[in-house]
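Using the sequences plus the hints, can you model the full thing?
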Amino acid sequence: MTKKQTLRIATYNINGINSRLPVLLRWLEEARPHVVGLQELKCTDEAFPAKDIEAFGYSAIWHGQKSWNGVALLSRVGEPVETGRGLPGDPNDEQSRYIEAAICGILIGNLYLPNGNPWPGPKFDYKLAWMDRLDAYARHLLDSGLPAMLMGDFNVIPTEQDVYKPERWAKDALFSPQAREKFKVLVAQGWTDALRSLHPDERIYTFWHYWRNSFQRDAGIRIDHLLLSPPLAEKLVKAGVDREPRGWDKTSDHAPTWIELKV
DNA sequence: ATGACGCTACGATAGCGA
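Following the working numbering, the numbering of the first sequence begins with 1 at its first residue and continues without gaps.
Be a bit skeptical, because a hint or two may be false.
Said to hold, decoys possible - Dumping the calculated BS3-like pairs for lysine-lysine here, alpha-carbon to alpha-carbon at most 25 Å: (1) K42 to K250; (2) K250 to K51; (3) K235 to K262; (4) K66 to K250; (5) K165 to K184; (6) K184 to K171; (7) K182 to K123; (8) K238 to K262; (9) K51 to K66; (10) K42 to K66; (11) K123 to K171; (12) K182 to K165; (13) K235 to K250; (14) K184 to K250; (15) K235 to K184; (16) K184 to K123; (17) K66 to K123; (18) K123 to K42.
These are calculated hints, taken from the structure and not from any lab test. This one's a predicted model, so the numbers in the text were calculated from it and none came from an experiment.
Structure, rendered in structure tokens:
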């Protein structure tokens with residue numbers, strides 16, 4: 001790092017990277033994040049638009065899957081050194097929901113946590129089991145003492161403060177007591193919820209449904225999170241949500257969510 | 001309760017996921 005003061009790291013559920021490519025590239029050009037974790041690529045490894053992304057100055061690693069899921073890490077501050085692909089803890093889990101790399105001396109885990117609807121049901125059970133595996137792995141990361149972070153689409157609304165109208169989400173897996181409790185226990189291991197720690201009293205949303213003019217009414221929820229280990233938390237200087245891209249044409253239902261770290 | 005999107009396929013509309 002030469003004279004750079006801060007490192008900007010973002011998470012963005014792109015909801016189909018090839019359909020959203022113009023939106024992604026426009027945002028990369030305008031926001032110029034140093035590191036980006038993407039979720040919901042909805043493409044195979046072969047169909048990942050690596051050349052387009054490289055043309056904007058980013059190295060990338062990705063873990064695709066036909067039709068669903070898929071995660072990637074982008075960096076314009078050195079090539080990501082991959083340290084993990086697939087969440088440990090279940091060798092039979094074939095869903096592409098986790099990719100991890102060392103970038104600029106930071107261990108970055110990028111995740112797409114299962115949605116879990118309908119609740120109850122097997123998809124909800126899968127969500128809770130996935131969260132148990134994440135809990136175990138996150139503990140391992142903290143124990144390493146490394147500057148580490150876990151970011152992505154957690155598909156969990158942590159508290160009533162993180163939803164425009166709690167009663168509308170009462171029967172949704174994203175707001176279920178079980179998922180919220182597991183998220184709470186995870187953070188309590190010693191992670192810092194970056195956005196909430198810097199903005200304790202604000203309403204912060206990262207997702208708005210396409211239907212019923214949700215974005216225009218700001219009827220949103222906060223489900224995209226960046227969790228920092230103690231050595232990173234002390235370097236946190238800014239955090240926010242880029243709401244503008246959510247208003248663009250043919251856009252994702254999520255907005256890019258980011259932090260800035262002292263380097 | 002409603003419903004928007006992208007993706008896929010014994011495809012040209014419908015089911016699935018979320």
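Outcome of the hint check:
1. In summary, the hint linking K42 to K250 is supported, as the alpha carbons are separated by about 15 Å, within the 25 Å threshold.
2. Distance check on the hinted pair: K250 and K51 sit about 21 Å apart at the alpha-carbon level, within 25 Å; holds.
3. This hinted pair checks out: K235 and K262 have alpha carbons roughly 5 Å apart, not beyond 25 Å.
4. A threshold of 25 Å between alpha carbons decides the hint, and for K66 with K250 the separation of about 21 Å falls inside it, so the pair holds.
5. A hinted pair counts as satisfied when its Cα atoms are at most 25 Å apart, and K165 with K184 qualifies at roughly 20 Å.
6. Only pairs whose Cα atoms come within 25 Å are accepted, and K184 paired with K171 is accepted, the gap being roughly 19 Å.
7. Straight-line distance between C-alpha atoms of K182 and K123 comes to about 16 Å, which keeps the hinted pair within the 25 Å bound.
8. A hinted pair counts as satisfied when its Cα atoms are at most 25 Å apart, and K238 with K262 qualifies at roughly 9 Å.
9. Restraint check: the Cα-Cα separation between K51 and K66 comes to about 19 Å, which is no more than 25 Å; the hinted pair holds.
10. Using a Cα cut-off of 25 Å, the hinted pair K42 and K66 holds, with the two alpha carbons roughly 6 Å apart.
11. Between K123 and K171, the direct Cα distance comes to roughly 14 Å. Compliance with the 25 Å bound is thereby established for this hinted pair.
12. Only pairs whose Cα atoms come within 25 Å are accepted, and K182 paired with K165 is accepted, the gap being roughly 22 Å.
13. Of the pairs offered as hints, the one joining K235 and K250 is violated, with about 35 Å between alpha carbons and a cut-off of 25 Å exceeded.
14. Annotation: proposed proximity of K184 to K250 is violated, straight-line Cα distance about 34 Å (limit 25 Å).
15. The hinted pair formed by K235 and K184 meets the criterion: a straight-line CA distance of about 22 Å does not exceed 25 Å.
16. Distance check on the hinted pair: K184 and K123 sit about 21 Å apart at the alpha-carbon level, within 25 Å; holds.
17. A hinted pair counts as satisfied when its Cα atoms are at most 25 Å apart, and K66 with K123 qualifies at roughly 19 Å.
18. The hinted pair formed by K123 and K42 meets the criterion: a straight-line CA distance of about 18 Å does not exceed 25 Å.
Hint compliance for this structure: hints 13 and 14 are broken, all remaining hints hold.
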